Amino acid sequence: MAKILRVLREQPGIRLAGLMAPGAFWLSVFFLVPLLIMAWISFLSRDPLGFPTPPLTLQNYWEIIRDIHFAPSISLADGLAIRLFEGLYLELFWRSIWLSLLSTVITLLIAFPVALFMARLPPRYRNLALFLVMIPFWTNFLVRTYALQFMLRSNGPINTLLRALGLEPIELLFTPTAVMLGLVYGNLPFMILPLYTSLEKFDWTMIEAAHDLGADTLRAFQRVMLPLISPGLLAGSILTFVPAIGAYITVELMGGGRTNMIGYAIAQQFSASVNWPFGSAMSLLMMIIVTFAAVLYFRSGRGEYRNAI
Amino acid sequence: MASDVVLLGERSEIKPRPRKESRGIGLGRFALVTITFFTFAFLYVPIAVLIAFSFNSARTGATWQSFSLQWYERVFSNTRILEAAANSLIVAALATVGSVVIGTLMAIAMERYQFRAKLAWDALLYLPVIIPEIVMGISLLIFFAAINLSRGIVTLVISHIAFCMPFVYLTMRARLADFDRSLEEAAQDLGADEWTTFRRITLPLLMPGIISSALLAFTLSLDDFVISFFVTGVGSQTLPVYIWGQIRRGITPEINAISTLMLLLSIVLVIVAQLIQRRQRA
Amino acid sequence: MPEAGALSEFAVELRDVSKVFGDIVAVDHVSMGIRHNEFFALLGPSGCGKTTSLRIIAGFERPTSGEVYIDNKPMGNTPPFQRNVNTVFQSYALFPHMTVEQNISFGLEMKGVSKAEIARRVGEVLELVRLPHMAKRYPRQMSGGQQQRVALARALVNRPKVLLLDEPLGALDAKLRKEMQIELKTLQREVGITFIFVTHDQEEALSMSDRIAVFSKGKVLQIGTPLEIYERPTSRFVADFIGETNFLTGRVTQVDGEFAQITTNGGATFRGRAMPGVRAGIEATLSVRPEKVQLVEQPDDSVNCYEVVVRSIAYVGSDTRVVVMLGENRIDVWEQNTISTLDPNYFFKPGERAWLTFKPENALVLAE
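Protein chains in written order, with our numbering: chain A, 1 to 309; chain B, 1 to 282; chain C, 1 to 368.
If you're looking for bench data, these hints aren't it; they were derived computationally from the structure. Please read all numbers here as calculations on a predicted model, not as lab measurements. The C-beta atom is built at its ideal place from N, Cα and C for all residues, glycine as well. Where hints are given, some of them may not hold.
Pairs of lysine-lysine, BS3-like flavour, derived with a Cα cap of 30 Å [what the hints assert, rightly or not]: (1) K118/B <-> K3/A; (2) K73/C <-> K185/C; (3) K73/C <-> K3/A; (4) K3/A <-> K111/C; (5) K3/A <-> K161/C; (6) K136/C <-> K185/C; (7) K219/C <-> K73/C; (8) K185/C <-> K219/C; (9) K185/C <-> K217/C; (10) K178/C <-> K161/C; (11) K3/A <-> K115/C; (12) K185/C <-> K175/C; (13) K161/C <-> K111/C; (14) K73/C <-> K111/C; (15) K185/C <-> K111/C.
Computed from the model, here is a short list of chain A residues facing chain B with C-beta under 8 Å [claimed, not checked]: (16) R9; (17) L32; (18) P34; (19) I37; (20) P113; (21) V114; (22) L116; (23) T139; (24) V143; (25) F150; (26) M151; (27) P157; (28) L213; (29) Y248; (30) I266; (31) A267.
Based on the sequences and whatever the hints tell you, model everything.
Set out below in structure tokens:
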């Protein structure tokens, strides 16, 4: 024992290697290597069963951009939509990003006042409120989404209530709005908690100091509060945006697969319509988009995300 | 999901109450109360309805017939559900032990040593937190297919350790950053060698963090559906995967009962986490 | 080199010790010997290398070059837990998950001392630091001063050869600090252990230590008794850092025996004690402490007598602190208020003329 300790004491390199090795191994072999294989497969062809096979090809990526063409249009069907280009997968990616962004903004707009209210409660009530946020936070996402779907089903409690009141039942599920509702519902706790953590630490005399120095409420918020709570803001937004763009459960349960999003489309390539190379190509693209968004976002927050965690 | 870490991180001490501004606070406060109330209602009404209907004797629809525990009885007599639950618990337990050990060691290495490629590892450790679960799920599916490892409990445990470990790492790293290293120096100064110092000082002081991250890893593993869905085998379904299959098949009142039970488990876990935190602060 | 373990004058000796962190030289070729049963202070501003030196003695840092001898044995790579020294940390570093008793027992337990013996010695040391009723408390349930004593007890109970104290009073408020200074000093006499004490507080160092090593930028500038350090600083830094002083720069015109003559840039010529390195013709600094300067209304025929203009005066109770201008040079004069008076005319007034004077043996000519 003493001998081992002496070697470890005098060889910090061995010490470090011993500490790093298991994690480095796991992360490399069961995270990085799978991603690299996926990237490799995205450049392979598909065999008749949909599994990857040589030769190397760019076909999978070509498939995604193949049908993109210039077709300017304005529509009011789904809210105002101005399009310059059309294309099946272009639209899929665009819709996914747009829905994810919008759901993140809506979640933020709801979560901020809630977190603010919670942070300013007296400690006793504050702990109770925190407890109430933590329960959905820790509850299985699938179970929660199922609960929401159950409520909104055509023969679910809401429609039963409407019928009992003599009203026409309404189809609440399987629309883009339902998917959006599901995303907001599912991700709300993930936005409220980090925001609350930042706001709770916030020293309110700072606002008084800002007022004292002549800043009005808006400017005090912009210049003093926003920078100080940005770690929570960043963490919450990332935690909302990333699951949204990769959403699978919500798209299936709330959208019935009709409002397709990338995450769902990828999953399809590995289950219903088998095409691993194409699914891998879409995954890689999505990963690039998300990583890019995250990096951009961290930059804007001057790397404060770290402190948020 | 990374804010699971937030939840378990230290919360700051209570700040003195701000003085209320006389102007405009009435309306603003009213708006805050209203929004908060409706948000909590939004979060809880579906859950409450689900719980209520888990006690409904009707098989279909949302009409209330009578109070019944029959769905719970069905849950506990359904061997497939019990097997799935057992699988979930086994996977979660193994993933917790594995990810806590690996993640803690790595956090110690990253917090206390300077070395080349440290930045690269740091970035790599963040990546599983920010890339969508679905990408991780399919990449693992492809990987296990490529190395010809048949899917089952083993692939589940491997995958769960892989996605839980970064969260453990982040939690432990934060704890280690706050760790007063002069305590270890003091122990050595008093004659304790490195191993004794670790056993008597470092480990006991890190224990609350280790328990927190274990709780986190356990919950993450238990809750995971997307990754498990892709790496699970025929005989090794976890509970969420089983639930998913049932929901897709249609109306299944047993699912309401299982969901209620899982909710109960979450509440217990939250209470345990809070108790740990409170004890730490005391 | 003396034989290992042989008796030596020093309890701890540093021979040409350096410590480099990256491109920062924290300790720069430091050599010093700390005698047995001495109360030895390492004094200097923050970042001067005093704490690093202490950590090297304790074994927390390995010197980049040079060697530490404890009891005449070279320490080499000896880890801290095999050195017969104990440390009182600046933050106290009390183990938060252990009671006071458990904290204090820790070191004895590590040595394998029997339970009964541990209990006896813990009881003894708790008496010594006057906390006998606190054994079952946890550190967080105690005040800063009490924690400080526990830290002291935890170290002393091991009866180390040398006790290392890293700014142990830094976290205490002024009043408690003064009390603890006296207490520490008494304690050191009582236990007869060598104390090496790191501080940035010169008053603390002066009042407590047998000898002081003054650090600056990783180097030891001077080692001496408080009296030597204060009255005979060998460098401008030491004269400046310890107490207050007036500096006048100029050129040495003459050195005769113990004294040197310096002509300032303003043209005044002063005599003072020649410190090592002072030669005729070099640039040098005259240092004279404010309490050693007198102001008189009439010039006398002494050497260091020049006419000055009073710029400001401040009455501070025991002293009157007068600032006077000798040409462009500001000189502080502290006159002790030896007469009880309410007559404002007794004091100089701003704008008045006066003559300053001090004895050559009370001023130093420093070769810098």
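Evaluation of the provided hints:
| no. | hint | in the structure |
| --- | --- | --- |
| 1 | K118/B <-> K3/A | holds, 29 Å |
| 2 | K73/C <-> K185/C | holds, 27 Å |
| 3 | K73/C <-> K3/A | holds, 22 Å |
| 4 | K3/A <-> K111/C | holds, 19 Å |
| 5 | K3/A <-> K161/C | holds, 27 Å |
| 6 | K136/C <-> K185/C | holds, 27 Å |
| 7 | K219/C <-> K73/C | holds, 24 Å |
| 8 | K185/C <-> K219/C | holds, 26 Å |
| 9 | K185/C <-> K217/C | holds, 28 Å |
| 10 | K178/C <-> K161/C | holds, 26 Å |
| 11 | K3/A <-> K115/C | holds, 28 Å |
| 12 | K185/C <-> K175/C | holds, 16 Å |
| 13 | K161/C <-> K111/C | holds, 15 Å |
| 14 | K73/C <-> K111/C | holds, 20 Å |
| 15 | K185/C <-> K111/C | holds, 28 Å |
| 16 | R9 | holds, 7 Å |
| 17 | L32 | holds, 7 Å |
| 18 | P34 | holds, 4 Å |
| 19 | I37 | holds, 6 Å |
| 20 | P113 | holds, 4 Å |
| 21 | V114 | holds, 5 Å |
| 22 | L116 | holds, 6 Å |
| 23 | T139 | holds, 4 Å |
| 24 | V143 | holds, 4 Å |
| 25 | F150 | holds, 6 Å |
| 26 | M151 | holds, 5 Å |
| 27 | P157 | holds, 4 Å |
| 28 | L213 | violated, 16 Å |
| 29 | Y248 | holds, 6 Å |
| 30 | I266 | holds, 6 Å |
| 31 | A267 | holds, 6 Å |
Going down the numbered hints, you'll see the structure goes against just number 28.
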